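Asker: The whole structure should be built from the sequences, with the hints applied where relevant.
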Amino acid sequence: MHKYIIRRLLLAIPVLLLASLIVFGLMRVMPGDALTALMAESGNVSERELQKLRKDLGLDLPYYEQYLIWLWQMVSLDPGYSIFTGEPIPVALKKAIPVTIELALSAMILGLLIAIPVGVLSATRQDKPSDYVGRLVAISGLSLPDFWLGTLVITFAAIWFGWIPPLGYVSLWESPWTNLQQFLLPAAVLGFRLSAATMRMTRSTLLEVLREDYVRTAWAKGVGERMIIYKHALKNALIPVVTIVGGQLGTLLAGTVIVETIFALPGMGRLTVEAILFRDYPIVQTNVMLVAGTLVTLNLLVDLTYAWLDPRIRYQ
Amino acid sequence: MSTATADSATFEERMPDQLSRGQALWGVIKRKPLGLASAALIGLLVFTAIFANVLAPYHPLAAYPEKRLAPPSWEHPFGTDDIGRDVLSRVIHGSRISLWVGLLAVGIGTFAGTIIGLLSGYWEGWLDLGLQRAMDALMAIPGLILALAIVSVLTPSTTNAMLAIAVVIVPGNSRIVRGAVLSTKQNPYVEAAQALGCRHLRIIAKHILPNVTAPILIIASIWLGNAILIEASLSFLGLGTQPPTPSWGLMLSSTGRAFMEQAPWLAIFPGLAISLAVLGFNLFGDTLRDAWDPKLRRRG
Numbered sequence: 001m002h003k004y005i006i007r008r009l010l011l012a013i014p015v016l017l018l019a020s021l022i023v024f025g026l027m028r029v030m031p032g033d034a035l036t037a038l039m040a041e042s043g044n045v046s047e048r049e050l051q052k053l054r055k056d057l058g059l060d061l062p063y064y065e066q067y068l069i070w071l072w073q074m075v076s077l078d079p080g081y082s083i084f085t086g087e088p089i090p091v092a093l094k095k096a097i098p099v100t101i102e103l104a105l106s107a108m109i110l111g112l113l114i115a116i117p118v119g120v121l122s123a124t125r126q127d128k129p130s131d132y133v134g135r136l137v138a139i140s141g142l143s144l145p146d147f148w149l150g151t152l153v154i155t156f157a158a159i160w161f162g163w164i165p166p167l168g169y170v171s172l173w174e175s176p177w178t179n180l181q182q183f184l185l186p187a188a189v190l191g192f193r194l195s196a197a198t199m200r201m202t203r204s205t206l207l208e209v210l211r212e213d214y215v216r217t218a219w220a221k222g223v224g225e226r227m228i229i230y231k232h233a234l235k236n237a238l239i240p241v242v243t244i245v246g247g248q249l250g251t252l253l254a255g256t257v258i259v260e261t262i263f264a265l266p267g268m269g270r271l272t273v274e275a276i277l278f279r280d281y282p283i284v285q286t287n288v289m290l291v292a293g294t295l296v297t298l299n300l301l302v303d304l305t306y307a308w309l310d311p312r313i314r315y316q
Numbered sequence: 317m318s319t320a321t322a323d324s325a326t327f328e329e330r331m332p333d334q335l336s337r338g339q340a341l342w343g344v345i346k347r348k349p350l351g352l353a354s355a356a357l358i359g360l361l362v363f364t365a366i367f368a369n370v371l372a373p374y375h376p377l378a379a380y381p382e383k384r385l386a387p388p389s390w391e392h393p394f395g396t397d398d399i400g401r402d403v404l405s406r407v408i409h410g411s412r413i414s415l416w417v418g419l420l421a422v423g424i425g426t427f428a429g430t431i432i433g434l435l436s437g438y439w440e441g442w443l444d445l446g447l448q449r450a451m452d453a454l455m456a457i458p459g460l461i462l463a464l465a466i467v468s469v470l471t472p473s474t475t476n477a478m479l480a481i482a483v484v485i486v487p488g489n490s491r492i493v494r495g496a497v498l499s500t501k502q503n504p505y506v507e508a509a510q511a512l513g514c515r516h517l518r519i520i521a522k523h524i525l526p527n528v529t530a531p532i533l534i535i536a537s538i539w540l541g542n543a544i545l546i547e548a549s550l551s552f553l554g555l556g557t558q559p560p561t562p563s564w565g566l567m568l569s570s571t572g573r574a575f576m577e578q579a580p581w582l583a584i585f586p587g588l589a590i591s592l593a594v595l596g597f598n599l600f601g602d603t604l605r606d607a608w609d610p611k612l613r614r615r616g
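Protein chains in written order, with this note's numbering: chain A, 1 to 316; chain D, 317 to 616.
Calculated from the structure, these hints are not laboratory results. In this text, all values refer to a predicted model and were calculated from it rather than measured experimentally. Just so it is clear, CB atoms sit at the ideal spot from N, CA and C, and this is done for glycine as well. Check before you lean on any hint, since a few could be wrong.
[Stated by the list, open to error] Simulated coverage check for chain D against chain A, where a stretch passes if three residues somewhere in it have a Cβ under 8 Å from a Cβ of chain A:
1) 443-453
2) 545-559
3) 572-584
[Claimed, not checked] Below, in silico cross-link-like pairs of lysine-lysine (DSBU-like), each with a Cα-Cα straight-line distance of 35 Å or less:
4) D:348 <-> A:235
5) D:346 <-> A:128
6) D:348 <-> A:231
[To be verified] Quick list of simulated restraints, FRET-style, between CB atoms:
7) A:28 <-> D:512: 30 to 36 Å
8) D:373 <-> A:178: 46 to 52 Å
9) D:574 <-> A:94: 37 to 43 Å
10) A:67 <-> D:371: 47 to 53 Å
11) D:373 <-> A:173: 52 to 58 Å
12) A:167 <-> D:380: 32 to 38 Å
13) A:13 <-> D:388: 55 to 61 Å
14) D:439 <-> A:242: 31 to 37 Å
15) A:55 <-> D:423: 42 to 48 Å
16) D:346 <-> A:184: 43 to 49 Å
17) A:214 <-> D:388: 55 to 61 Å
18) D:346 <-> A:126: 43 to 49 Å
19) A:94 <-> D:349: 48 to 54 Å
Answerer: Right, dumping it as structure tokens:
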């Protein structure tokens, strides 16, 4: 297992370095530089002021130096300032990250609460009306855009119940009730989208496991249906589900961008979209890199968990 | 006698492996109602996009301020927007943008991904290692966020959204093609071609590529739905198609959200159009997989 962990860690480092190069490169291929674009939009800035800003931000240095400085800033957790607000990026992130983590976690929990029971029902009632309904729900989750679902949910909650979620963000510790009202709808929208793939995976792996010899033996022994499904089959069927849940982390993080924008939650996603719209490139490159780092780390953890659960993987 | 039996065997009686790809696909479409539904949805989308000028009752940009925010009626079946433009005509014309962006983005992304996957899988070694680590790095950034970052650099427009989506498609695609090439390479006919002294390019083009087209087409059809969804998401965030061009995502964000309580039809119809288009391609991807995936075919 140690060897496997070391090998995976060594593979993660070049991936992260390459991702950082891509992110940095992207921000530098902009015609002129980020500052020229920004100033062109705001207008009325003298060349001298522009030169000074460029120097302050280190944009007058050669690219490789800029990259190394930025890399060091990222490693030392000091990614600089926002061009637009002048706020230090760690301060902005400290406010935004808890919102995104809470949204992502609650969406994931809600997603699993929808996906696994529906997946089990679909597999155990294969080709029956409940299976078709389950599969239709799953494929709808993959097809309905979350920004549409979010818009409809807000509007119909307002029209039918005369209720709109409280604006802004109040932490769970400050006021659990307000926090719940703020997160219920966004987490449900995101969770519904996430549940689709997990539901399909649960259904297909459970169908496979239910055809295994040991399940047939259990049937032959006269074991009850509930016992066979939950005790014998589901446990094994859930192992590949761990991977699909891990694989959905990207969808989850991308989903937060849209959902936070619609529900006006001040998380990482909204911060990134606003930074893109205002061309606040230090925030954009820091956030994108942070998301890539989180994704690589979480995927690594998922793979390690999977290897721990299934010894065949680590010996491959 | 046996020949006569084989000749007269019905489609369903023949072994799945004896069927051509077209026959296998047609068989699944006929057998499974969802396959037929996907074909119908895609057919409808393509038909609408091609004949948008004929089908749309009004010009998509023609504004009739006296009829602003009119609810659905015989005259305007999907109602009108805040400046009196016919929503049905805009939804019909929006299908062009979605289909165009989807097809081109998936075309470019699939082409680039296939080339990288073929090179990576055929030559292996350092080239494979380098290319695949670069693909891993691209995959480390979630698709929508990567597309957002690319569009932010290139300035928002339909073409740039399309290019950004194409970049998002490349890594996953190259990985699937690489896997297929690695397994196809093990076949004796490839070794025979190498032993006969065939050039690499000929082996790749004549012997490997035809055998990896099934996974390429399956993944492309699934990506078409995703590409439409990403374009709509980018337009919704103001980073894709720009006004006044009718794009489904833009229609939802610009007027759909602002007038949602007063005029819910402004958000309902474009959202429904996106959902049906994506649903069509997702179901079609499933149908293709059922028809062409050897594992699923053997299972019947």
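Asker: Does each hint fit the structure? Answer for all of them.
Answerer: Okay, the hints, checked on the actual structure:
1. 443-453: holds (count 4)
2. 545-559: Contact hint for the region 545-559 of chain D vs chain A: holds, 7 residues under 8 Å.
3. 572-584: holds (count 7)
4. D:348 <-> A:235: Satisfied, since the Cα-Cα distance of roughly 31 Å is no more than 35 Å.
5. D:346 <-> A:128: Roughly 19 Å separates the two Cα atoms, so the pair holds.
6. D:348 <-> A:231: 33 Å, holds
7. A:28 <-> D:512: 30 to 36 Å: 49 Å, violated
8. D:373 <-> A:178: 46 to 52 Å: 47 Å, holds
9. D:574 <-> A:94: 37 to 43 Å: 32 Å, violated
10. A:67 <-> D:371: 47 to 53 Å: With Cβ atoms ~52 Å apart, the hint holds.
11. D:373 <-> A:173: 52 to 58 Å: 56 Å, holds
12. A:167 <-> D:380: 32 to 38 Å: Holds - the Cβ-Cβ distance for residue 167 (chain A) and residue 380 (chain D), about 35 Å, lies within 32 to 38 Å.
13. A:13 <-> D:388: 55 to 61 Å: 57 Å, holds
14. D:439 <-> A:242: 31 to 37 Å: 34 Å, holds
15. A:55 <-> D:423: 42 to 48 Å: Given about 44 Å between the Cβ atoms, the range holds.
16. D:346 <-> A:184: 43 to 49 Å: 44 Å, holds
17. A:214 <-> D:388: 55 to 61 Å: 57 Å, holds
18. D:346 <-> A:126: 43 to 49 Å: 21 Å, violated
19. A:94 <-> D:349: 48 to 54 Å: 52 Å, holds
This entry does not satisfy hints 7, 9, 18, going by the numbered hints stated previously.
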